[in-house]
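J.: The primary structure of each chain is shown beneath.
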Amino acid sequence: MDKPWKREPKLIGQLWAVVRYELLWNIRKKKFIGVLIVAFAITTLNLTLPVILRRTYNMPIEANPDYVISNSGIGGLMLFLFALVTVMNSISGEFEGGTIVPLLTKPVSRTLILIGKIVAAFITIFAAYLLLYAYMIVGGTLIYGSQNNLNLTPLCILGDLLSTFVWVSIILALGSLTKNTILTSVIAIMVFLAMNIGSSIISVFTESAWMLHYLPGNGAAGYIKVVGQPMVYAGSISTGTDNITKMIIQYCLHPSVNVTYVKVEWRGGTPQGGLSSLLKELYSEPLSLVLFRAISVAAAYIIALITLAWYVFKRTQILE
Amino acid sequence: MDLAIETIDLTKKYGSLVAVNRLNLRVIKGTIHGFLGPNGAGKTTTIKILVGLLKPDGGRAIVLGEEVHGDNPRARLKIGYMPELPKFPRHLKGWELLDIYGQMYGMPLQERRARIKRLMEVVGLKGRENDLIGEYSKGMQQRLGIAQALLSEPELVILDEPSLGLDPVGMVEVREMIREIAKDGVTIFLSSHLLSEVEQVCTHISIIHRGICLAEGPLKDIISKISGTAILEVEVAETPDKIVEAVKRLPFVSNIHVEGSKVMIETNADGDVRPQISRAIIETGGTIIYMNVKMRSLEEAFMRLIMKSG
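Protein chains in written order, with this note's numbering: chain A, 117 to 436; chain B, 6 to 315.
In short, the hints are calculated from the structure, not lab data.
The reader is advised that the hints may include incorrect statements.
Unchecked claim - Calculated cross-link-like contacts (lysine-lysine; reagent style DSS-like; alpha-carbon spacing at most 25 Å):
{"no.": "1", "chain 1": "A", "residue 1": "Lys119", "chain 2": "B", "residue 2": "Lys34"}
{"no.": "2", "chain 1": "A", "residue 1": "Lys119", "chain 2": "B", "residue 2": "Lys122"}
{"no.": "3", "chain 1": "B", "residue 1": "Lys143", "chain 2": "B", "residue 2": "Lys131"}
{"no.": "4", "chain 1": "A", "residue 1": "Lys146", "chain 2": "B", "residue 2": "Lys98"}
{"no.": "5", "chain 1": "A", "residue 1": "Lys295", "chain 2": "B", "residue 2": "Lys92"}
{"no.": "6", "chain 1": "B", "residue 1": "Lys92", "chain 2": "A", "residue 2": "Lys430"}
{"no.": "7", "chain 1": "B", "residue 1": "Lys188", "chain 2": "A", "residue 2": "Lys119"}
{"no.": "8", "chain 1": "B", "residue 1": "Lys230", "chain 2": "B", "residue 2": "Lys299"}
{"no.": "9", "chain 1": "A", "residue 1": "Lys145", "chain 2": "A", "residue 2": "Lys295"}
Stated by the list, open to error - So the derived label-pair ranges between C-beta atoms look like this:
{"no.": "10", "chain 1": "B", "residue 1": "Met308", "chain 2": "A", "residue 2": "Ile128", "range": "50 to 56 Å"}
{"no.": "11", "chain 1": "B", "residue 1": "Arg118", "chain 2": "A", "residue 2": "Leu435", "range": "35 to 41 Å"}
{"no.": "12", "chain 1": "B", "residue 1": "Ser201", "chain 2": "A", "residue 2": "Ile128", "range": "43 to 49 Å"}
{"no.": "13", "chain 1": "B", "residue 1": "Arg118", "chain 2": "A", "residue 2": "Asn264", "range": "47 to 53 Å"}
{"no.": "14", "chain 1": "A", "residue 1": "Arg431", "chain 2": "B", "residue 2": "Leu22", "range": "17 to 23 Å"}
{"no.": "15", "chain 1": "A", "residue 1": "Gly214", "chain 2": "B", "residue 2": "Leu22", "range": "19 to 25 Å"}
{"no.": "16", "chain 1": "B", "residue 1": "Gln205", "chain 2": "A", "residue 2": "Lys430", "range": "38 to 44 Å"}
We put the CB at the ideal spot given by N, CA and C, even for glycine.
Using the sequences and the hints, build the whole thing.
T.: Written as structure tokens, this is what we have:
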């Protein structure tokens, strides 16, 4: 009667069981499949639209060895949508559907169940990003010729995963607290919109852009400025947790640049000297510091919010 | 006495409502133990504490020697639990769900595949194991609930209303299944509203009301303790007045009433009292046409106990 596996089931086997349980759910979710299709459609459009336009106007298609690297980094909205559709009902859906009862009465701790769900979310999103990057690299190479800096792709995927997991942890914590999928989704969308709209306003019109470094989302807008050169902007960059990949690429390509923050100062009348005369330079800091801070902030959010989700999930009693 | 379940002053409150009130429950290993009570008596709350879904506010619960306190997976290792109207993830196929649950118990692959195949046959889901659970009817989900409760060959099976949602054939099959499982020495803790079901399969029962255990023990002992052992129905040829007087004098007769030519005699004796009653009737010159022992039903005992406790 007393079989060896009954005395001490292997933890790794139990974890894999939870991961399988969740993975099968993730890949069969219509919403997830929908977002994946949209992501592929956007990538396809990004790849082919310039070609279509050039063909339409009988212009030659020029080789672009930086196509992949300059288009790397999944956009803020897509990051958020991937996080939302993957984990919006990971916890709350179990409570709403009543499936939490048979799950929690198996000999698996609640901590392991939450870890399994997070691992499954990681695998799901990682696989989706891997497919997207592979598609972009193959498509980019076929259309625009041989590509430079493809060795940065693993770092790009890692950066995108880190950015996505900030939203994953926010949504998991909300799901654990509310146990209601609709409420979780609505609050998450509101937070996302507030962070994006709010950060644009704060970043452009106030001198408080520094606070955006510590909030999830788009962050503060800054200009990349070559050190030692006066007001020559080499491009723009956003510093938030959604833009870690872009910052990683910039840092790998130009490790010693600074990020300069500016605000728009409207003085009335027609601006003398063009739009750049409206910009007031606030302060600069090295890109390495901006990147390090963004990664640290993302990690801090992930750790804090997953701990909150775990604490609430662990203590929840099943009344219904 | 080896106990599968023991609760000591177990208490659970929902705000000001005391759902389980210092409950002392003892379920002997190897028995089929019925857990009875009217709606809101605290049955499901007690079961939820036993399987770790709820935390008690006081007292202790010990399941197969493991103290149940909060999230203790070890305590659930040897338990199979089927919740009332179980719900399973609709996106999984029947066999996938059982395979994943089996993996959670640590069952090796070969063993769980063989067990799933066998269980699907037993619960009548053979041929539907590759369908998504979302396509299952309520009755089929109920059957899947029984299968997952038996999956790990548990030492204790807790069934919360296993017949709910099943058709009459399914109900009979469940009863047969319970008897079959018990033959292997598995303890079954069965919560049910169907008193006839409990009466047919259980060896022991506990009756709770307002979170308090009103009676506990072997089924027959409980019935006789609450309602007396039996009613003797005797049909006589003559007017039964004289007979009633004679029978009333017998020391084990607790009550007697007449329905036409039938005399209903309630007794509180442990053994068979038909010879003494026959003799008493014949001595008065009466003629017995028909005599039948009507055992007290669980339903009667249950109702008496609940009414008595208010």
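J.: Could you run down the list of hints and mark each one as holding or not?
T.: Results for each hint:
{"no.": "1", "hint": "Lys119/A x Lys34/B", "verdict": "holds (19 Å)"}
{"no.": "2", "hint": "Lys119/A x Lys122/B", "verdict": "holds (19 Å)"}
{"no.": "3", "hint": "Lys143/B x Lys131/B", "verdict": "holds (16 Å)"}
{"no.": "4", "hint": "Lys146/A x Lys98/B", "verdict": "holds (17 Å)"}
{"no.": "5", "hint": "Lys295/A x Lys92/B", "verdict": "holds (17 Å)"}
{"no.": "6", "hint": "Lys92/B x Lys430/A", "verdict": "holds (21 Å)"}
{"no.": "7", "hint": "Lys188/B x Lys119/A", "verdict": "holds (19 Å)"}
{"no.": "8", "hint": "Lys230/B x Lys299/B", "verdict": "holds (16 Å)"}
{"no.": "9", "hint": "Lys145/A x Lys295/A", "verdict": "holds (19 Å)"}
{"no.": "10", "hint": "Met308/B x Ile128/A: 50 to 56 Å", "verdict": "holds (53 Å)"}
{"no.": "11", "hint": "Arg118/B x Leu435/A: 35 to 41 Å", "verdict": "holds (36 Å)"}
{"no.": "12", "hint": "Ser201/B x Ile128/A: 43 to 49 Å", "verdict": "holds (47 Å)"}
{"no.": "13", "hint": "Arg118/B x Asn264/A: 47 to 53 Å", "verdict": "holds (51 Å)"}
{"no.": "14", "hint": "Arg431/A x Leu22/B: 17 to 23 Å", "verdict": "holds (21 Å)"}
{"no.": "15", "hint": "Gly214/A x Leu22/B: 19 to 25 Å", "verdict": "holds (22 Å)"}
{"no.": "16", "hint": "Gln205/B x Lys430/A: 38 to 44 Å", "verdict": "holds (41 Å)"}
Taken one by one, the earlier hints all hold for this structure without exception.
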